[in-house]
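Student: Same order as they appear, the protein sequences are chains F and U.
Residue numbering for the first sequence follows this note's numbering, beginning at 1 and increasing consecutively.
Residue numbering for the second sequence follows this note's numbering, beginning at 1 and increasing consecutively.
No wet-lab data here; the hints were simulated from the structure.
Ideal Cβ placement from N, Cα and C applies to all residues, glycine included.
Honestly, I wouldn't trust all of these hints.
To be verified - Examples of chain U residues lying across from chain F (beta carbon under 10 Å, computed): (1) Thr-55; (2) Gln-87; (3) Met-98.
What the hints assert, rightly or not - Chain U is nowhere near these chain F residues, computed Cβ spacing over 10 Å in every case: (4) Asn-2; (5) Gly-6; (6) Phe-29; (7) Val-33; (8) Leu-43; (9) Ile-99; (10) Phe-199; (11) Leu-249; (12) Lys-256; (13) Lys-259; (14) Gly-265.
Said to hold, decoys possible - According to the in silico footprint, chain F covers these stretches of chain U (three or more CB under 8 Å from chain F): (15) 32-41; (16) 59-73; (17) 195-205.
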Amino acid sequence: MNWINGMWAEMVKSHQHNFHSKMIYLSLFFWPVLLFITSYFALKPFDLGSTSPIAEFFDPDDLMLFLLTGYLGYIFFWSLVQSAWQTSYERQTGTLELIFLTPVSRLAFVYGRAAGNLFEAVWLFSVFTVLMLVIVGGMQSIVWSALPLAFVILIVSAVIWGGFLNVVFLFSRDASFLFTILEEPMEFFAGIRLPVAAFPVWGKVIAYIFPLTFVLEMIRGLVVEGKSFTELLSPFAWLVGILSLLFLLTIILLNKAEKNAKETGNMVLF
Amino acid sequence: MLEAKAITKTYTVKQKQGWFKREKQQVHAVKGIDLTIEPGEIVGLLGLNGAGKTTTIKMLSTLLSPSSGTITIDGHDAVQDARYLKQMVNMIAGGERMLYFRLTGKENLAFFGRLYGLNGKELTARVNALIKLVELEDAQDLPVERYSKGMKQRLQIARGLLNQPHYLFLDEPTLGLDAPIAKQLRSIVKDLAMEQNKGVLLTSHYLEEVEELCDRVYIIDKGTVMMHDTPANIINTVVLDYRVIVTTAHLNETFKHDIIKTASTKQLSIEFYDTGDGTVWEVTASFDPTQVFLDIIMTHHQPIFKLEMKMPKLEDAILQLAKERSA
Ligand SMILES: Nc1ncnc2c1ncn2[C@@H]1O[C@H](COP(=O)(O)OP(=O)(O)OP(=O)(O)O)[C@@H](O)[C@H]1O
Ligand SMILES: [Mg+2]
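I would like the entire structure built from these sequences, with the hints used as guidance.
Tutor: Printed below as a string of structure tokens:
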């Protein structure tokens, strides 16, 4: 099928283009690990006993697990911001125009790009997460049977999110501001280090803009807190809603972006 | 047959005027061009910088939509049937961009091949055949960043043939290439038209290239077609001065006078300059004067030291046309 073929093309190319040296894997690995470790030791000195205000929102004994799941989700989502940002490179080299010269499904291209970059960027950290659990313990608090579902939710959400970002960068050559908007705020507000439930109202409002917030709520609920799927219907409904909206916007913007490019010739301007 | 009828392209550019104000400006890049390309023929598109060549090619490639006018291939419309057109055409631009430098030549081709719906054995076979065609077998597994300019351009040609297009648009394909490599490229292009019956549209700033390759030439200026003919006819109609420059032994003034008189009866004009090497004759005429002029020299028994022909070039033709137009 042409659709799969186009997606596959983009995945293979992203791999060949981004992972031409072993060093990349190292940096991809150490960066999230460092983030995780610094957060862990920054939180550790505080009173995290059962009297801690945070205990109201999650079991402080699960801090390690809480942070690991948080950063796992964050790495998935953040790596896609970076890959979308690289679209500007394709614009400059003119390869973007050549892609649009072909009849390939635009949607396949956009999601192939997201999926390709995702798998590359996250598998090492996923391995790290598992290793940490084995070494440090916390295995007993994991609901292993919920893991496959959690991963599917994480991957599908991340790809839809990444596809949307790719289109935004296709549409505008000045989209690098997104980089700034998404880096720190997403790390903070999506509830990676602190539970969203602990935020004041205005913080919650911001948090619920990021699909990552709901993804984390789902994953932690399923895997760490051992909730059943039916108990998580509300965040799931929100997640599906936001993802559908992103998907719809992706299709609309993609059509607009190509139409606009045909009008102005901006596919090669940078 | 590919046919463009009365196509125009107007770009709207926004010019910044202070912080918030923006002024819209219209750039009429193409103002109503008609052109056709038949299978198997090489058609040239010539014009000075900014004439609208690249814009035209991008409209034919479906990368730009015309502001008005229609483009069809065998009756299929470029706007309504863009998918069909994309399978039928391809575009190759000169210069070193438009490739993934970290990927090998083979990987580049495989990527674009997949975008055209190729996969499996068919993809491998197509890629291998094209690598062979452009003679990059030895470099196929090297990253493109290690290719020379000529190799990159050949890889571009291979890329442009992945979908076996019926029509190929080449935008300055020999830009910045050395003469022998440009020559090799020209022979590939010739074969594509002659042997594979592809219709080729070619823009170039190297006019010998257009003269050598093209069956027909469109000369465009400021977005309109100024002239459309064979290269030879264009030269005949536009270029009015053929020049031959000859050096002989020193001549005396009465002798020169005699010759000028004879020449003028034959519609030649001759000027003389005396140099250390002898007398230089500069002969100009509105036709190829070689024959008539040699007759004159023979009857006066002058030995020729040096003979130089200044054959008219398309370049002169274009400059001449542009001059006449703005006058
Ligand atoms: N994307 C664009 N937006 C606005 N104006 C443009 C755009 N592309 C080209 N132009 C303008 O349109 C006109 C025609 O440009 P075009 O690139 O088609 O010329 P060309 O004949 O290919 O020139 P060259 O020989 O320099 O390549 C120029 O005035 C150019 O500035
Ligand atoms: Mg040009």
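Student: Against each hint, give a clear statement of whether it holds in the structure.
Tutor: Cross-check of the supplied hints:
Hint status for Thr-55(U) relative to chain F: holds, with the closest Cβ pair at about 8 Å, below 10 Å. Taken as an interface hint, Gln-87(U) checks out: its beta carbon lies about 6 Å from the nearest beta carbon of chain F, inside 10 Å. Hint on Met-98(U) holds. Least Cβ distance to chain F is approximately 4 Å, under the 10 Å limit. Not every CB of chain U is more than 10 Å from the CB of Asn-2(F) (nearest about 5 Å), against its label as outside the interface.
A cut-off of 10 Å between C-beta atoms contradicts the statement that Gly-6(F) is not in contact with chain U; the least separation is 6 Å. Annotated as non-interface, Phe-29(F) keeps its C-beta farther than 10 Å from every C-beta of chain U; the closest such distance is 21 Å. The Cβ of Val-33(F) sits about 26 Å from the closest Cβ of chain U, beyond the 10 Å cut-off, so the non-interface label holds. At roughly 40 Å, the least C-beta separation between Leu-43(F) and chain U is larger than 10 Å, which holds for a residue marked as non-interface.
The non-interface label for Ile-99(F) is inconsistent with chain U: the shortest C-beta to C-beta separation is roughly 6 Å, within 10 Å. Look at Phe-199(F): its CB is around 35 Å from the nearest CB on chain U, clear of 10 Å, so calling it non-interface holds up. Separation of Leu-249(F) from chain U is adequate, the least Cβ-Cβ distance of about 23 Å exceeding the 10 Å criterion. Every CB of chain U lies more than 10 Å from the CB of Lys-256(F), the least distance being 14 Å, so the non-interface label holds.
At the 10 Å boundary, the C-beta of Lys-259(F) falls inside the reach of chain U, the nearest C-beta of that chain being 8 Å off. The beta carbon of Gly-265(F) sits about 6 Å from the closest Cβ of chain U, which is not more than 10 Å, so the claim that it is off the interface is violated. Coverage of the segment 32-41 of chain U by chain F is violated in this model, with 0 residues showing a Cβ closer than 8 Å to a Cβ of that chain against a need of three. Only when three residues or more bring their CB closer than 8 Å to a CB of chain F does the claim for the segment 59-73 of chain U stand; here the count is 5, and the claim holds.
Three residues within the 8 Å Cβ limit are the bar, and the segment 195-205 of chain U against chain F gives 0, so the coverage statement is violated.
The structure does not agree with the numbered hints 4, 5, 9, 13, 14, 15, 17 stated previously, though it agrees with the rest.
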